[in-house]
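Enquirer: Chain residues, written in single-letter form:
Protein chains: 4
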Amino acid sequence: MIIVMQPQAGEREIEAVKERLQKEGFSVHLSQGVARTVIGAIGDKRRLPASALEAMPGVERVIPILHPYKLAGREFRPEGTVVEVRGLQVGNGQVQIAAGPCAVESRAQLLETAEAVAAAGATMLRGGAYKPRTSPYSFQGLGPEGLEFLAEAREKTGLAIVTEVMGEPEVAQVAGVADVLQVGSRNMHNFNLLRAVGKTGKPVLLKRGLSATIEEWLLAAEYILAEGNFQVILCERGIRTFENYTRNTLDLSAVPAVKGLSHLPVFVDPSHGTGKRELVAPMAKAAVAAGADGLIIEVHPCPQEALCDGPQSLTPEKFSTLVREVAELVRALGRELARTGQ
Amino acid sequence: MIIVMQPQAGEREIEAVKERLQKEGFSVHLSQGVARTVIGAIGDKRRLPASALEAMPGVERVIPILHPYKLAGREFRPEGTVVEVRGLQVGNGQVQIAAGPCAVESRAQLLETAEAVAAAGATMLRGGAYKPRTSPYSFQGLGPEGLEFLAEAREKTGLAIVTEVMGEPEVAQVAGVADVLQVGSRNMHNFNLLRAVGKTGKPVLLKRGLSATIEEWLLAAEYILAEGNFQVILCERGIRTFENYTRNTLDLSAVPAVKGLSHLPVFVDPSHGTGKRELVAPMAKAAVAAGADGLIIEVHPCPQEALCDGPQSLTPEKFSTLVREVAELVRALGRELARTGQ
Amino acid sequence: MIIVMQPQAGEREIEAVKERLQKEGFSVHLSQGVARTVIGAIGDKRRLPASALEAMPGVERVIPILHPYKLAGREFRPEGTVVEVRGLQVGNGQVQIAAGPCAVESRAQLLETAEAVAAAGATMLRGGAYKPRTSPYSFQGLGPEGLEFLAEAREKTGLAIVTEVMGEPEVAQVAGVADVLQVGSRNMHNFNLLRAVGKTGKPVLLKRGLSATIEEWLLAAEYILAEGNFQVILCERGIRTFENYTRNTLDLSAVPAVKGLSHLPVFVDPSHGTGKRELVAPMAKAAVAAGADGLIIEVHPCPQEALCDGPQSLTPEKFSTLVREVAELVRALGRELARTGQ
Amino acid sequence: MIIVMQPQAGEREIEAVKERLQKEGFSVHLSQGVARTVIGAIGDKRRLPASALEAMPGVERVIPILHPYKLAGREFRPEGTVVEVRGLQVGNGQVQIAAGPCAVESRAQLLETAEAVAAAGATMLRGGAYKPRTSPYSFQGLGPEGLEFLAEAREKTGLAIVTEVMGEPEVAQVAGVADVLQVGSRNMHNFNLLRAVGKTGKPVLLKRGLSATIEEWLLAAEYILAEGNFQVILCERGIRTFENYTRNTLDLSAVPAVKGLSHLPVFVDPSHGTGKRELVAPMAKAAVAAGADGLIIEVHPCPQEALCDGPQSLTPEKFSTLVREVAELVRALGRELARTGQ
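Same order as they appear, the protein sequences are chains E, P, W and X.
Going by the numbering used here, the first sequence opens with residue 34, and the numbers climb by one from there.
Going by the numbering used here, the second sequence opens with residue 34, and the numbers climb by one from there.
Going by the numbering used here, the third sequence opens with residue 34, and the numbers climb by one from there.
Going by the numbering used here, the fourth sequence opens with residue 34, and the numbers climb by one from there.
Hints in this document: simulated from the structure, not taken from any laboratory.
Check the hints yourself; a few may be wrong.
Copies of the same chain are indistinguishable here, so a pair counts whether it falls within one copy or spans any two.
[Claimed, not checked] Here are the computed lysine to aspartate or glutamate pairs in the DMTMM-like style, where the Cα-Cα straight-line distance is at most 25 Å:
| id | residue 1 | residue 2 |
| --- | --- | --- |
| 1 | Lys103 | Glu350 |
| 2 | Lys235 | Asp77 |
| 3 | Lys351 | Glu93 |
| 4 | Lys309 | Glu178 |
| 5 | Lys235 | Glu338 |
| 6 | Lys309 | Glu249 |
| 7 | Lys309 | Glu108 |
| 8 | Lys309 | Glu93 |
| 9 | Lys309 | Glu185 |
| 10 | Lys56 | Glu248 |
| 11 | Lys232 | Glu203 |
| 12 | Lys309 | Glu48 |
| 13 | Lys189 | Glu338 |
| 14 | Lys235 | Glu249 |
| 15 | Lys235 | Glu185 |
| 16 | Lys56 | Glu358 |
| 17 | Lys351 | Glu46 |
| 18 | Lys78 | Glu93 |
| 19 | Lys309 | Glu52 |
| 20 | Lys56 | Glu338 |
| 21 | Lys103 | Glu311 |
| 22 | Lys309 | Glu203 |
| 23 | Lys51 | Glu338 |
| 24 | Lys56 | Glu178 |
| 25 | Lys309 | Glu46 |
Keep in mind the model is a prediction, meaning the values are calculated, not measured.
Please model the entire structure based on the sequences and the hints provided.
Expert: Below, the structure written as structure tokens:
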């Protein structure tokens, strides 16, 4: 790391930093510029947090050189990670499409949607049995009953199940049904939950936090990987910005950025990313053109009856059109859509 | 609520919206402008979520008129809430000062800090036994042992204990020691945790999420209040913006804004809000001038040895100066500093 | 518009708002809910700014119903606008590619780049003779000499010239050479400049401001349109957010959003949008998939010698590959690349 | 500066960077870590822009060590700058209060306001003759006539005049009347305007751009200073964030931050910073507690008739109360309010 001293820092302060670094086994190099002294230090950063150095008298700032994540970094697995989900190979170049309702609302609603999205070409079924809702007065999900409906839908359609787990106490229960455990945007920094899903060894879909930098997102993945679970799919779903015409600002540049920085596959959720059904199809296509490994899209048989996220949900017909359009694009990119049962 | 129809919406679509509203018991008024039809609806919004209406054909947008929170709203308790913490009256006009280290690192470190901040005039001791850390490789807190040290510090100094709880499973354990349960910024949208701390009936310090609007923050409080626990103190600690000279952007306007919108007391954390020790004192004073009910400040006997947040921690000496300066300001504002044992 | 009264507003305050609206020719409807009185008003908003109503005693907020722009709105020209630039039809469904260096640095640099991008398939040449630079110590552009080089490059290649104008005093001079006048991101709110380029009647490329909402961007276009100049191309180039891995956050959802809200064509600048050359190609493809009418891309014969924006500039070779990839994508979308001389 | 090489960078690429630096007169030091090679370079950065190095093969990023501004930096004038405005000493420790309407609307309105704010204790009169408005349909200011009214108000009250200049062509005209030339938030990056106001030698109030970092703000000041004009007052007026309860987010931490980084005095505008009249007084007090050298506050004799910014304007009575409260606070801070004619 690089330690930049304040312009007024004296010999004594420079010496103190140097000694401390050397005591912790760092090799040190001093560079005396006209206006600032800069200290380069090579060693094991875990032995001395940057914040401790930054708090020393005379230190202006400490600049880390290496990424703070290790296991999540592309350098750790240059060839890329393929996550296996019920026979699907996520991250192998094919494009996966997960689709389904925001929330599991009833057996009929879920089965109808599942069959429709399977017919249209989806490989995974999304749907929340537990729902994180901003207001305590909103529908909070069916809970265990919702999980049963998801299991039944899988049996009927062969779709893999992606469903959210909101807290550690429910991890075992949700993991008993889900093929992919979703950690939602609001829980990306729920470190206990990250460790708990890591311990299950099950595939995890880790949504980016509303205001998480790419680095923080990869560090959240690192929590899961550090438990020995490399079955992690990242999911860009929009970040919070000043623009409020869209529900969030879908940061598609995060897709190629993350593919460069990490070996993990990346999905995109254009439904939450935009919050507006008419923007879902263009942004789904854009996501694939940007290199996404998969899409996750909200579909509801009757959006105007949906208990949540109606305005961003597609009807099965619109979803079917979207899949066809994405398929053509995918071919032009020299890739292909994944299929269930491959 | 107000439903704005699209310019091209036809009679049939307008009629459908009207009928649906009436079916759910809303009284409806149609207003035909030159460019848009607007429907005003009065009724119980819980019977029909805005999102469902917004998903209807021909609807452009739905504008809610009322705040989505009820119990947290100023109208619910115009006289304001006073939270009682070990004999302290938080929100009664006096200014509380909570201080202590970011993390409990050792018995000696904690006791030394506790005595120093008590001597300087703090009424509460802050310090984390469980620490939410962005990186899995950072110090994660002492856990149960940290709680014991906090209890011992309280016995020795009489300070009330504010400490963070990170997950539902630890709520009972932390509540067994803490006088105030802190819900951290990253957990503001951990709804299970909000319900769990609500159920304890204990005072809760609810930090604003990094990217939470004031409305979302009050809705998070609503989750706690809805469990029958009105002992909630809000805490502004900086929001995430494009500016990165400071760690976060301390949104002091949230203090008078929240005092107007809600009856709950508001603290300010200038340490996390700025991330830089030289900005802590001016922003602490500004917070009090803006009307804050209390401050929460990081103090460490030796910031350069701190396992976290050293750069934003004050030494006990600097903290003592800050308290004296704040005390003068508080008097000029016609208020007073709270004292332990009052 | 809708006027929401405060809960404590009395008869007298409600009456005052009503009278004022009626005096200005609005027709008024009162709606008395349980918690709030809401006043609907239909009339000419220009006669009474919302801010004046909002300042009246007892008013909580004023909600506009209509978009504040008229000429820029899709409703004004449902069929869409085609901007004619030297025989090119911008906005007719074809995809335009503008390319060239950030700054015109020398005759040789510009001509070499122009020939390379023309050969690769670009239809327009970009390049700044006047450069807005954050630091006064950075290269500020060649000025008039740069314009001459651009004119020469056009003669040699047939490419249309897109170049920035930074202030009113230079409008005539730049308009004497440019085929498209670029108003840069930092000048999107320079209203005098907007009026001045409007008066030229020349095509204008209006970049979105770093922190401009879509609505503000369209209002900036409205300034140009209000001068009778409808030859406006919008250009998304990234907005400022908390994420700083990329130089800006390219908001591709703005493309379909603006295509819905307005009749004006939209370009995307993935070079400034990302600031990183390795992200340019994926985001260029994503932009086209999202429905952009054109791309504007930085190309430099030797990025490491570039006086600005080297890290986000493509070499001519990389640019040529990008055009080929985009062309395939464009075909899969049922569109085609524009060509010079069509 | 520090050049961090990519992990896969080879000898040849490292050598090329080294040679280029040495060719430009930099002294170079190589540091070979386990994962990265880092090159430290000492020399004149103007000879080699960081972006050019960053574009070289094998370079991951370039980290500047020094601030990019020189004249605006605290190190350049450790003792601080005092700007003289009609006998007032701005930045000498006293607190200045500028007040007046958003826009000059009429002679009567301006004179009434001027007399009221002078009586209440303001030392400067603010008011726009030229108004930057988001919509072309909003009131755009009285222009030259407005300037005449301002001059008359100064004669009658002795208040110094602060008024905005929107474009280079009007600089001479506005400078003929104004005591302080205001560069508005939307023009902070209008570099031509910055140079033009610099050349006048007149005091300039430079508002922070809506999305400008502190560094960019100081670089904008640098443009003025580089013209030899050190009479610059900075003005924090709120930045754009995701929070939209307030019009902007007033970043008060910028006050002590800028006082540390620069020698220039800093004002705060709580009116634009919040957009809500009930937040103006608390934030004005907070600004002074944070160390501001002055306040700039919107006052209108009848906010509900104001042609702009009514909701954030104080009546003369409320303003008078605010001045009294601020005065008490100022005394508690060991400072004093400035007075006209001192």
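Enquirer: So, for every hint listed, does it hold in this structure?
Expert: Hints versus structure:
| no. | hint | verdict |
| --- | --- | --- |
| 1 | Lys103 / Glu350 | neither (44 Å within a copy, 34 Å between copies) |
| 2 | Lys235 / Asp77 | neither (32 Å within a copy, 42 Å between copies) |
| 3 | Lys351 / Glu93 | between (56 Å within a copy, 19 Å between copies) |
| 4 | Lys309 / Glu178 | neither (29 Å within a copy, 48 Å between copies) |
| 5 | Lys235 / Glu338 | neither (33 Å within a copy, 39 Å between copies) |
| 6 | Lys309 / Glu249 | between (27 Å within a copy, 20 Å between copies) |
| 7 | Lys309 / Glu108 | between (37 Å within a copy, 19 Å between copies) |
| 8 | Lys309 / Glu93 | between (46 Å within a copy, 11 Å between copies) |
| 9 | Lys309 / Glu185 | neither (30 Å within a copy, 46 Å between copies) |
| 10 | Lys56 / Glu248 | neither (29 Å within a copy, 35 Å between copies) |
| 11 | Lys232 / Glu203 | both (13 Å within a copy, 18 Å between copies) |
| 12 | Lys309 / Glu48 | between (59 Å within a copy, 23 Å between copies) |
| 13 | Lys189 / Glu338 | within (24 Å within a copy, 59 Å between copies) |
| 14 | Lys235 / Glu249 | within (22 Å within a copy, 32 Å between copies) |
| 15 | Lys235 / Glu185 | within (20 Å within a copy, 42 Å between copies) |
| 16 | Lys56 / Glu358 | neither (61 Å within a copy, 39 Å between copies) |
| 17 | Lys351 / Glu46 | between (66 Å within a copy, 20 Å between copies) |
| 18 | Lys78 / Glu93 | both (18 Å within a copy, 20 Å between copies) |
| 19 | Lys309 / Glu52 | between (58 Å within a copy, 24 Å between copies) |
| 20 | Lys56 / Glu338 | between (66 Å within a copy, 14 Å between copies) |
| 21 | Lys103 / Glu311 | between (39 Å within a copy, 22 Å between copies) |
| 22 | Lys309 / Glu203 | neither (31 Å within a copy, 39 Å between copies) |
| 23 | Lys51 / Glu338 | between (66 Å within a copy, 15 Å between copies) |
| 24 | Lys56 / Glu178 | neither (58 Å within a copy, 29 Å between copies) |
| 25 | Lys309 / Glu46 | between (56 Å within a copy, 19 Å between copies) |
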